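Participant: Taken in sequence, the protein lines are chains P and Y.
Residue numbers for the first sequence, in the numbering used here: 1 to 313.
Residue numbers for the second sequence, in the numbering used here: 1 to 313.
These are computed hints drawn from the structure, not numbers from a lab.
Remember, predicted model here, so these are calculated numbers, not experimental data.
Be a bit skeptical, because a hint or two may be false.
Taking lysine-lysine and the DSBU-like style, the derived pairs with C-alpha atoms no more than 35 Å apart in a straight line are [stated by the list, open to error]: (1) P:Lys278 with Y:Lys85; (2) Y:Lys147 with P:Lys278; (3) Y:Lys271 with P:Lys85; (4) P:Lys61 with Y:Lys85; (5) P:Lys278 with Y:Lys278; (6) Y:Lys278 with P:Lys61; (7) Y:Lys85 with P:Lys147; (8) P:Lys271 with Y:Lys147; (9) Y:Lys271 with Y:Lys147; (10) P:Lys147 with P:Lys271; (11) P:Lys85 with P:Lys61; (12) P:Lys147 with Y:Lys271; (13) Y:Lys85 with P:Lys271; (14) P:Lys147 with P:Lys278.
Number of protein chains: 2
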Amino acid sequence: MAELALAIDLGGTQIRVGLVDALGQIVTQQSTGTRALEGPFVVIDQISDLCAQVLAGTQAKGAAICAPGPLDTISGRVFGVQTLKGFEDFPLRDALSQSLSLPVQVENDGIAGAVAELCYGAGRTYSDFVYITISTGIGGGIILDGKPLRGRRGMAGHLGHMFFHRDWPRFAGAHMPCFEDWGAGPALAHRAMARAALDPASALHNRALDARAVYQAATQGDILAQNLVQDEATLLGIGCASLIHILSPQAIILGGGMSQAFTQLAPMIEKTLSNHLKPGFDGVELHCAQLGTTSSLIGAAALVFHPHLAARA
Amino acid sequence: MAELALAIDLGGTQIRVGLVDALGQIVTQQSTGTRALEGPFVVIDQISDLCAQVLAGTQAKGAAICAPGPLDTISGRVFGVQTLKGFEDFPLRDALSQSLSLPVQVENDGIAGAVAELCYGAGRTYSDFVYITISTGIGGGIILDGKPLRGRRGMAGHLGHMFFHRDWPRFAGAHMPCFEDWGAGPALAHRAMARAALDPASALHNRALDARAVYQAATQGDILAQNLVQDEATLLGIGCASLIHILSPQAIILGGGMSQAFTQLAPMIEKTLSNHLKPGFDGVELHCAQLGTTSSLIGAAALVFHPHLAARA
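The whole structure should be built from the sequences, with the hints applied where relevant.
Facilitator: Here it is, written out as structure tokens:
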């Protein structure tokens, strides 16, 4: 039987556990709703139960867990997860290793997604790319010379936390709006509701909206929704342009929930790039991620099969 | 006699040429005002004349030139230099190699500055840091695993071109304000003059100002100048925080003209970092660059002595 990796994707709403082969194929998987308010030891028990079900006696080659972080992939400690209670300064790697009686690697889920695209997805032909995942937040991972950039404590790639505001003195001590605050799904939904309230002609008028509803209405010809999609694409393009100027990658790969609207967003993202990139940065390629909602799970497994991609201990 | 590298720093106002030893010491140097409006071949002649004076018959181990760019360090072509006429898509490496009858490396001056700090300055004890140079523009270089990050075409490190604005739709087709537009010396001077016009009590009132004048007045106790310095430090701190979230470096090193005011700026930069960095990013160290105005020259020379730091051909 082929060697299999035990991979865990810990999120604020769902825990997903899978056995994944060396080609990135999920052989079997289980998921459950995260008991997010009950503290880390309840969550560790949930993970362990799922692992036992998925393994069903199979011997895994190794195990890896990814989570939103920020987390220190060198020490395996989580500094905190916004959507999970009690994970402040929690030794995730050691607690889970003990519970599973297996050595476990810990990775940021954005970096895991980037590794998945590198090994099995849209990044296979590149040595240098930026993977940006846009869902309820914005995160990602940076691949340089065919390996993830981890930096100090393994914490590189918090791409949603580029700050985006001119009114800095006003925000000196307060929360400073960042790429995530303006570009992620909830921000689009918020803008949509604010503008739709003033536009009785729009199908979006006076409805509770999420980002998906805006993309759908745009597809169906709603003018306001189409304008909102163009604004969103412009903003994503500006974020991409900043990252291109800093890192000069070969390609940008967009993943997360927003990637389902990639074909709607891509033309204006490309236009924004050509408007704002300095000379010589033309030709950076823009791609949709290929691995969908299981990318982080597959990427965590890839770390088990490809030790040169794993964080240094 | 010790081996010497021939290093050239091409700027919009000045050309500087030096012979530098393997310890980063400038043995001899010459400079001249750049004939910036007369086209690249006049400038190449100026450089060649200075090189002949500096060499005076000495055999150099190799030669390297740095310039503002954006430039392609792989092919040695410059895409354009804002302050130099006629450098659009100019084959700087080949033209200079031919004129000097020597192989010449081409490097972005921000990356050269980072390499200098890595080899001989404030970056010696780090493997991962971001060097930010703040003068009339903002540029820099990123050191990862002890080597400069170059990326596609060798163009990484254009740190001044992170975009900094929330009003993206308004700027969709126009110039989008970026870190450089708000953080570099001219922006500080511009803010200072606007605010001083309304403040007769300030020593800055109704004067033509540059950034240096603002720092000097702040040192002498001028309240408006002190407030302007705090705002500038806040803005620089926000730019640093964005870069820390993306790259997770061990340290940030600030160079360029603004580094002369490092001790005035550092406390508020540190405070801004602690206000805006996500958990776990604490402890990134902030340093003043050590090599002053000759850092790019010394860094170019370092590329001659340390082939593992040079761009891949």
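Participant: Next step is simple, just say for each hint if it's right about the structure.
Facilitator: Hints and how they fare:
For the suggested pair Lys278 (chain P) and Lys85 (chain Y), the alpha carbons sit about 17 Å apart, so the restraint of at most 35 Å is met. About 24 Å separates the Cα atoms of Lys147 (chain Y) and Lys278 (chain P), which keeps this hinted pair within 35 Å; it holds. Taking the CA atoms of Lys271 (chain Y) and Lys85 (chain P), the gap is about 28 Å. The hint holds against a cut of 35 Å. Of the pairs offered as hints, the one joining Lys61 (chain P) and Lys85 (chain Y) is violated, with about 61 Å between alpha carbons and a cut-off of 35 Å exceeded.
For the hint pairing Lys278 (chain P) with Lys278 (chain Y), the CA-to-CA distance comes to about 30 Å; that is within 35 Å, so the pair holds. About 34 Å separates the Cα atoms of Lys278 (chain Y) and Lys61 (chain P), which keeps this hinted pair within 35 Å; it holds. For the proposed pair Lys85 (chain Y) and Lys147 (chain P), the alpha carbon gap of about 39 Å is over 35 Å, so the pair is violated. For the given pair, Lys271 (chain P) sits about 33 Å from Lys147 (chain Y) by alpha-carbon distance, which is consistent with the 35 Å threshold.
Proposed proximity of Lys271 (chain Y) and Lys147 (chain Y) is supported: the alpha carbons are some 29 Å apart, at most 35 Å. For the hint linking Lys147 (chain P) to Lys271 (chain P), the alpha-carbon distance of about 29 Å falls within 35 Å, and the restraint holds. With a C-alpha separation of about 31 Å, the suggested pair Lys85 (chain P) and Lys61 (chain P) falls inside the 35 Å cut-off, and the hint holds. With a C-alpha separation of about 33 Å, the suggested pair Lys147 (chain P) and Lys271 (chain Y) falls inside the 35 Å cut-off, and the hint holds.
Between Lys85 (chain Y) and Lys271 (chain P) the CA atoms are separated by roughly 28 Å; this keeps the pair inside 35 Å, and the hint holds. For the suggested pair Lys147 (chain P) and Lys278 (chain P), the alpha carbons sit about 26 Å apart, so the restraint of at most 35 Å is met.
Violated hints for the displayed structure, listed by number in ascending order: 4 and 7.
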